[in-house]
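Same order as they appear, the protein sequences are chains F and B.
Each residue of the first sequence is one higher than the last, beginning at 569 in the working numbering.
Each residue of the second sequence is one higher than the last, beginning at 144 in the working numbering.
Computed footprint of chain B on chain F; a stretch qualifies when at least three of its residues, placed anywhere within it, have a C-beta under 8 Å from a C-beta of chain B:
| id | segment |
| --- | --- |
| 1 | 818-827 |
| 2 | 937-947 |
| 3 | 953-959 |
Interface residues of chain F toward chain B, partial, derived using beta-carbon atoms under 8 Å:
| id | residue |
| --- | --- |
| 4 | 873 |
| 5 | 877 |
| 6 | 934 |
These are computed hints drawn from the structure, not numbers from a lab.
By construction, the Cβ of each residue, glycine as well, lies at the ideal position given by its N, Cα and C atoms.
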Amino acid sequence: MKTPLALAISAAALAFTSTTLADDPKPGGTVNTIVQPEPPGLVLGMIQNAPTRTVAGNIYEGLLRYTTDLEPMPQLAESWEVSDDGRTYTFHLRDDVTWHDGEAFTAEDVVFSADVFHRELNPSARAVLQHVESIEATDDHTVVFTLTQPFGPFLLSFEAGTFTMVPEHLYAGTEFRDNEHNDHPIGTGPFKFADWERGTVIELVKNEEYYEDDLPYLDGVNWHVIPDGASRAVAFENGTIDVLPSGTVENFDIPRLAEMDNVCMTEKGHEYFSPFAMLWMNNREGPTADKRFRQAVMYAMDREFARDVLWNGLGKVPLSAFGSNARFQNDDLEPYDHNPERARELLDEMGYDGEEITILPLPYGETWTRWAEAVQQNLREVGINVETQATDVGGWNQRLGDWDYDLAFTYLYQYGDPALGISRTYLSDNIAKGSPWNNVEGYENERVDELFNEAATAFPEEEREKLYREVQEILHEDVPVGWLMELGFPTLYRCDVKNLVTSGVGVNDGFKDAWLDR
Amino acid sequence: MSFFARFAQNRGALVGLIILLVIIAMAILAPLLFPESPWRMVQRPFLPPLSQDGFPLGTDTMGRNVASGLMHGAWVSLLIGLVSTSVALLIGVPLGAIAGYYGGLIDDVLMRFTEFFQTIPNFALAIVLVAIMQPSITSIVLAIAIVSWPPVARLVRAEFMSLRNREYVEAARLVGQSNTTIIIRQILPNTLSPIIVLASLMVATAILLESALSFLGLGDPNVMSWGYMIGAARTVIRQAWWLSFFPGVAILLTVLALNLVGEGLDDALNPKLSRER
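Work out the full structure: start from the sequences and follow the hints.
What follows is the structure, given as structure tokens:
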């Protein structure tokens, strides 16, 4: 029922993007935007948190870029081939790329970045590299990755934030973390690092030597640091700031800011991350250990209400464990719609005796608190005896890590492929006390383990799809966690900033194509 | 003159009493007039006051009935005010009585202990206590009681010091009454009037403290209180004034009424000290 609507919305968004492409880009101008919070450093590959990615994704580059449909686009690699057995990936690099210090970018840089730098410093790259047998530069501009076995999401791992290309001539043989160039990052990207006034602004200037003709159009991008949310909103209102990347203002400010003249909003640009809000349900003990109880919770929640009222209508109500941006979504599944009657029936059937359960809201601000209130009310209305327990971030992490909860809110990134961002929540070998990010719910199902593991390395795609569809059916029935919402993380910007969000990571590498119509 | 007549002489106190009775009536009638949970999302969000039948004060950010929240909130606020004041009296009165009656080393030790609490800013201590104990009705009541007993102890101590050498106390001693009996049967009844006046003001302070805690998000998340309503409405104050206005007025009136009543009690219980008018 809601799928056609969601489709219509994304179709409208697509149409909108393509019309803006029709204008002739003008060079010049500087864009002012926000980075929140201030990043600890800008050397992507050494630091992977969100603010670093947002700024440094315009300084550094990866071999590939991704469209908003997560299709790979050429970046440092102009073309690539995958062998028939899915084990050999050959990348042909551009031969006209130079680092910001003038040195040429070659295949040796790729081998160094992937095989040495990331193996040592980057946990998310390491997770991919465990499938890689060897990385070889066959000539100056060709790199061959040989995998131990086919790994479906491999081609999705070359985004700038995950597989950053770092200059071998500056880092090889040094202590990476103490390298003097960490204060002045050198990449291959469209913008060069100019200045960082701590606590105030990070200035990037145009890379005049950039290898793509005419790009970038902008003379520079200033990333302002404004610690207070209300002040950020005001800075945007009064015109100091041109672009508000998602997550930089509170949810409740968004409708007001979006209604202003000359302000545009897009939900595109987060497909690579696709934040997915979930309700952890403790599968180990209490009523939540019963599958029927968990299904009842799904039927009891009015998720559309939450989306419309709390998230200003942005985002999507998910069908099941796989979000709509994830590959291989099985959309034949029957949605868990808001059906209190069905929820009560399930509770009767299991003989729920009114045992009190607790719910932990995510301590990330107003919206999440209100959301917990709404869910608590939904659950009470079907007869579930539920109490909310407020915690701070530390308490939340600790209680989830210790499995000391019944229901708890969270959200996780999906990273475009089930093997990267989804299976980790359901695989039983990912159950480990102490972390709030693994299989916290304690779901164990041998068949699900088998299917996920097989699907990660199955080849070709059709084979993977078959396995993933089956796993979704099982998860849909078992409801190991509650699937709340695929969050819409909107980017707000002045409408005269054109062509800003063109990739699946949004402003993280978006200023490359952006231009100012002023 | 009867007690009530003396009380009623203070016009302000009478007004305060009427307001207080109305608020108590609200608290009692809440479950009858609004049997549904105040958390229930019943209408579309952000309905302005008087725009729809059954929603005289409009609806909040999530479509909950503001009037229902206000009525149920009265119960919570009064309950917290009364219980936490009682707990504070239970701590403060015995400590003050013992310190004032015995004097000397016992007095020194107890008063240094009291000062230890007095030197920490009330509100900061309350926040820390609630944060440590996890927000719930019990932890809030305890935190408020813990920060508000020192004035009680000091007041009771002062009263005891001035009364302990009176002749009737000496007489009781001569008769052979034990110290405990003297404290409880002889002196304490004579200190009741200032304690009652102080207590009425403490209820008001406790309501304010609870509202402030809830405003900061440290309220019991399962209870609809006035402070919570204002805290939740703060972020939308530019779109929906009524969400913070009505609970704000409710807090203002309750605290004002309690202060007026306290003043009236003071007049009625201490006729000699009452101001000329």
